[in-house]
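Turn these sequences into a full structure, and let the hints guide you.
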Amino acid sequence: MMDKVGIVSYGGYVPHYRIEAGAIGAVWGIDGTARGKSLGIIRKSVPSPDEDVITISVEAARKAMRCCNTDPEDIGAVYVGSESHPYAVKPSATIVAEAIGAAPRMTAADLEFACKAGTAGIQICMGLVASDMIKYGMAIGADTSQGAPGDALEYSASAGGAAFLIGKKNLMAEINTTLSFTTDTPDFWRREGQLYPRHGGRFTGTPAYFKHINSCAQMLFEKMGTKPEDYAHAIFHQPNGKFPLRVGKAMGFSDGQLEHGLLTPVIGNTYSGAVPLALTNVLDHSEPGDRIFVISYGSGAGSDGFDITVTNRIKKLRKKGWKPLSEMVNDYQLLDYATYAKFRGKIRMGGIA
Amino acid sequence: MREVAIIGIGETKFGELWERSLRDLGIEAGFKAMGDAGISGNEIDAIFLGNMSAGQLIDQEHIAPLIADYSGMAEKNIPAIRIEAASASGGLALSQGYMAVASGVHDIVVVGGAEKMTDVGDDAANEIMAKTADQEWEAVFGATLGSLYAMMARRHMNEFGTTKEQLASVAVKNHLNGSMNPHAQFRSPIKLEAVLRAPMVASPLGTFDFAPLSDGAAAVILAPLDIAHKYSDTPIKILSCGQAGDYMALHDRKSITRMDATVVAGKKAFKYAGIQPKDVNLAEVHDCTTISEIMAIEDLGFFKKGQGGKVTEDGSTALNSKISINTSGGLKAKGYPVGASGVSQAIEAVTQLRGEAGQRQVSKAEIALLHNIGGTGSSAIVHLLGRC
Chain G
717 MMDKVGIVSY GGYVPHYRIE AGAIGAVWGI DGTARGKSLG IIRKSVPSPD
767 EDVITISVEA ARKAMRCCNT DPEDIGAVYV GSESHPYAVK PSATIVAEAI
817 GAAPRMTAAD LEFACKAGTA GIQICMGLVA SDMIKYGMAI GADTSQGAPG
867 DALEYSASAG GAAFLIGKKN LMAEINTTLS FTTDTPDFWR REGQLYPRHG
917 GRFTGTPAYF KHINSCAQML FEKMGTKPED YAHAIFHQPN GKFPLRVGKA
967 MGFSDGQLEH GLLTPVIGNT YSGAVPLALT NVLDHSEPGD RIFVISYGSG
1017 AGSDGFDITV TNRIKKLRKK GWKPLSEMVN DYQLLDYATY AKFRGKIRMG
1067 GIA
Chain D
1218 MREVAIIGIG ETKFGELWER SLRDLGIEAG FKAMGDAGIS GNEIDAIFLG
1268 NMSAGQLIDQ EHIAPLIADY SGMAEKNIPA IRIEAASASG GLALSQGYMA
1318 VASGVHDIVV VGGAEKMTDV GDDAANEIMA KTADQEWEAV FGATLGSLYA
1368 MMARRHMNEF GTTKEQLASV AVKNHLNGSM NPHAQFRSPI KLEAVLRAPM
1418 VASPLGTFDF APLSDGAAAV ILAPLDIAHK YSDTPIKILS CGQAGDYMAL
1468 HDRKSITRMD ATVVAGKKAF KYAGIQPKDV NLAEVHDCTT ISEIMAIEDL
1518 GFFKKGQGGK VTEDGSTALN SKISINTSGG LKAKGYPVGA SGVSQAIEAV
1568 TQLRGEAGQR QVSKAEIALL HNIGGTGSSA IVHLLGRC
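Chains as they are written, first to last, in the working numbering: chain G, 717 to 1069; chain D, 1218 to 1605.
Note that these hints are calculated values from the structure, not bench results. Only a predicted model underlies this, so the values are computations on that prediction, with no experimental measurement involved. Warning: the hint list may mix true and false statements.
[As the list claims (entries may be wrong)] The calculated lysine to aspartate or glutamate pairs, modelled on DMTMM-like cross-linking and capped at a C-alpha distance of 25 Å, are:
1. G:Lys1062 with D:Asp1340
2. G:Lys885 with G:Asp787
3. G:Lys753 with D:Glu1410
4. G:Lys965 with D:Glu1233
5. D:Lys1230 with D:Glu1220
6. D:Lys1293 with D:Asp1241
7. G:Lys927 with D:Asp1339
8. G:Lys927 with D:Glu1233
9. G:Lys958 with D:Asp1339
10. G:Lys753 with D:Asp1339
11. G:Lys927 with D:Glu1236
12. D:Lys1348 with G:Asp867
13. D:Lys1381 with G:Asp747
14. G:Lys958 with D:Glu1233
15. D:Lys1249 with D:Asp1469
16. G:Lys753 with D:Asp1340
17. G:Lys958 with G:Glu945
18. G:Lys958 with D:Asp1340
19. G:Lys927 with D:Asp1336
20. G:Lys958 with D:Glu1410
21. G:Lys927 with D:Asp1241
22. D:Lys1408 with G:Asp747
[Said to hold, decoys possible] Which stretches of chain D does chain G cover? Using the computed rule of at least three CB atoms under 8 Å from a CB of chain G, they are:
23. 1233-1240
24. 1327-1339
Beta carbons are placed, not taken as given, at the ideal position from N, Cα and C, and that holds for glycine.
Here it is in C-alpha cells:
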C-alpha cells in the first residue's frame, strides 16, 4: 500500500492593514456598513505598498519551514497559485524557492485558477510526492486581489496567503483523498492588461459557486462514505461571509464546524489564499484525530475537495516556532479610504498608468 | 372585422434562466400554446413575436424567423414578424396578431413574446433599458428608467400625498399574488418593512419598488371566434384593443403623474368594447415599478387620480377585492422578461377567465383588462378580454 501523502507543515500570512466596509461605502455615497453586513464582511486586509504575492508567499513559506525540520534542499517543487502574480512573464515561485533555500535542484511554476490556484498546487504536489518524483513539495495560495473602485468586489477583495509543505513523512495531517469538479463556466474573469476583473453579478452564485461546491462536496461524501457529522471542521471557499455559511449549513454542517474555517468577515476574500488560510486557521484549532472537510472554488470554474485527518504530530509542530494565524488576524491597523487607495495603486501619480 | 378568440396559451417559468437560450424559451412557450389549442404547425398562418432588444441582449437580430425555424416551421415558409415597442412589445404583438385575424388576412396566428435579459451584466441591461426613454434628451445625460420613474413617484407624492408605504404596498400585494403562481420568478410573500428597508435605487424608489430582470417567453394562439370552439372548450374573446402614444421625454409631457398614452388607449379599448372600467373584474397592469401600477389604475379609470396609493394600501386592489390587480404577481413578482410581459399578461387573463387560476382565482371572472406600456409611457396598449 502506498504511503499516505499529507501536510508536513504549514504557515499563513495576512498583511497588517485593514479597511472597514463603512469607510469604503462612505466614498461612494452608500451605507458601506450595511453593504458589508449584507456581504458578511466587517473589514478586509490591505497589503502595504511594498507587499505583493511574492512577499506574502515568502512570509507564508518561511513560517511553514520554521515549524518543521525539513531540509529545504529536499523540496523538489514550489508552486505559487495566484491571480495577482506581480509579473505577467517571470515566475513568482522561483523567488519563493530561492528565499526558502529550495533552489536550484527542483522545479517551480506559477499557477492560476481564480480563487482555487492554491488548492490546485496542493493537488499537484500530492501527485509528485505520491509518485516519488519529489520528496517534498511546497504549495502556496496567495493573492493581492483587485476590486475596481466602486464595484461590489471592493468590499471583499483583500490580500493574504498560506503555504503547505506536502510530503509522505512526518505528517501533521494526512490527506485521505482529493478530487475535483470542473466545468467551463465564465462567471468572473480578467483579461490580459486589464486592471480589474469583471464578473457576472448574480450569475456568480447559483450556477457558479453553489453548483461547483455542492457537486464537489457530493462527490467527496460519496467517495469517502461520510456524512457532515464525521468531520470536526468544514471549510468552503469564501468570496463573502454569507456564501460559505449558506452552502455549509445546507449540507448539514453546524456553526461550530464552520467557525474556524471562516475568515472572510474579518480579513476579506484573499482569493487563492482564502481556503489555504482558512485551513491554516482550522489546523491551528485542531486536535489529533480531527477530520476536516475542505472544498475550494475557483471561478471559471472548478472546485477541489479534500478529506484531511490531523495526526499526533500537530503537537510537535506547535512546540517548534509555531504562531497561530489569529495573531495576524487580530493585530491590525485601520486605514482610511485615501490611504487605502494610495496603497493599492488606485491613485495614478503624474497621470501615468 | 371578424371577432377573434384566444384558443391556446403557453409560457415558460420566468427567472434567471442562465442555462436556457432565447430560442429555447420561445420554442417551449410556442409548443405549449399549440399543445393547449391542440393544433399542428400546418394550421398556423403567421407568427407575431414581441421582443425588445435581442440584438443588444443576445447579439441576435431577426429573431422572428429564427423562432419559426427552430419551431420546425421554416419549411412552411410562413411569415414571422418581430414587433418592437420597448416594454410594450408583447402587447403590441398581440394587437397586431389580433388585427391580422380580425381583418381576415390570417386565420390561425401565434403571438409570442420573448426576452433573454441575463446574458448581459446588470449595468449593461440597465443601459439597454434606458434606451427606451429619449436617448438624446434623457439617457445620454445619465437618466435611467429607474430615475425617471423616481421623478414620477416624487411628483405623485407631492401632488397627491402618496406615501412610500403606499408604494411599498403595491410590491407586497404583488408578491403575495406571485406566491400563488407556479410560473412566477418570486414566490415568497414579502413584508412592508422589507420593502421600505431595501437599498435605495433612486429616491423614493428602492430595490423592491422595481420589477426584476428576467428571462422568459409566452405565447398565445389566436383564431376567428366562429371556429374557436373547434379548438377550445373555453375560447376567450378579445373584446377590444386600444393603442396610444405620447411624448418620449418626460419634460415634454403635460403631466408626469399621468400617462396620457394609457388614458387614451384605455378609453379607446372601453369604447370599442362598449363597457366601463367598473365592469372589469381583473386587470394585469404594467407594474415595472410600484408607482407605475398606482398611476395605471388611476389612468385606466378604476380609481380617481391621486387615489391609487391609498386604495392599494387599503386593500381595494387585492385578490377578490373591489378589482383584482395583477393576480399573476405582475411584472414585479411574476418577472419581467420585457418583450414577453404583454403576452404573459394575456395568459394570466385567459387562465383567470377559464377559471383555472387555482389559489389565485378571481371569483366570477368575466372581463379582464391588459395594460402594457413602453419605456416611460410613450407607448401604451390596452386589451379587454371576456368569456364567450
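Practice item. Could you grab the alpha-carbon distance between Lys958 (chain G) and Glu945 (chain G) and see if it respects the 25 Å cut-off? Key: holds, 21 Å
Review point. Taking only the CA atoms, is the gap from Lys958 (chain G) to Asp1339 (chain D) under or equal to 25 Å?
Key: Holds, because 21 Å separates the two Cα atoms, which is no more than 25 Å.
Check your understanding: Are Lys1062 (chain G) and Asp1340 (chain D) close enough, with their CA atoms no more than 25 Å apart?
Key -> Answer holds: Lys1062 (chain G) to Asp1340 (chain D) is near 22 Å, not above 25 Å.
**Study point:** Restraint check for Lys1381 (chain D) with Asp747 (chain G), where alpha carbons must lie at most 25 Å apart
**Key:** holds, 20 Å
Review point. Holds or violated: Lys885 (chain G) with Asp787 (chain G), Cα cutoff 25 Å?
Key: With a Cα-Cα distance of about 13 Å, the restraint between Lys885 (chain G) and Asp787 (chain G) holds, given a limit of 25 Å.
Point to revise | Distance restraint between Lys1348 (chain D) and Asp867 (chain G), which requires alpha-carbon spacing of 25 Å or less | key: holds, 23 Å
Check your understanding: Regarding the pair Lys753 (chain G) and Asp1340 (chain D), is the alpha-carbon distance no greater than 25 Å?
Key -> holds, 23 Å
Review point. Does Lys753 (chain G) pair with Asp1339 (chain D) here, judged by a C-alpha cut-off of 25 Å?
Key: Status holds; Cα separation ~22 Å.
**Study point:** 25 Å limit on alpha-carbon distance, applied to hinted pair Lys1293 (chain D) and Asp1241 (chain D)
**Key:** With a Cα-Cα distance of about 20 Å, the restraint between Lys1293 (chain D) and Asp1241 (chain D) holds, given a limit of 25 Å.
Review point. Has the given pair, Lys927 (chain G) with Glu1233 (chain D), been kept, meaning a C-alpha gap of at most 25 Å?
Key: holds, 15 Å
Practice item. For the pair we were handed, Lys1230 (chain D) and Glu1220 (chain D), check the Cα-Cα distance against 25 Å. Key: Violated. Lys1230 (chain D) to Glu1220 (chain D) sits at ~31 Å, over the 25 Å cutoff.
Check your understanding: Lys927 (chain G) and Glu1236 (chain D): Cα distance at most 25 Å?
Key -> holds, 12 Å
When each numbered hint is compared with the structure, violations occur for hints 5 and 15.
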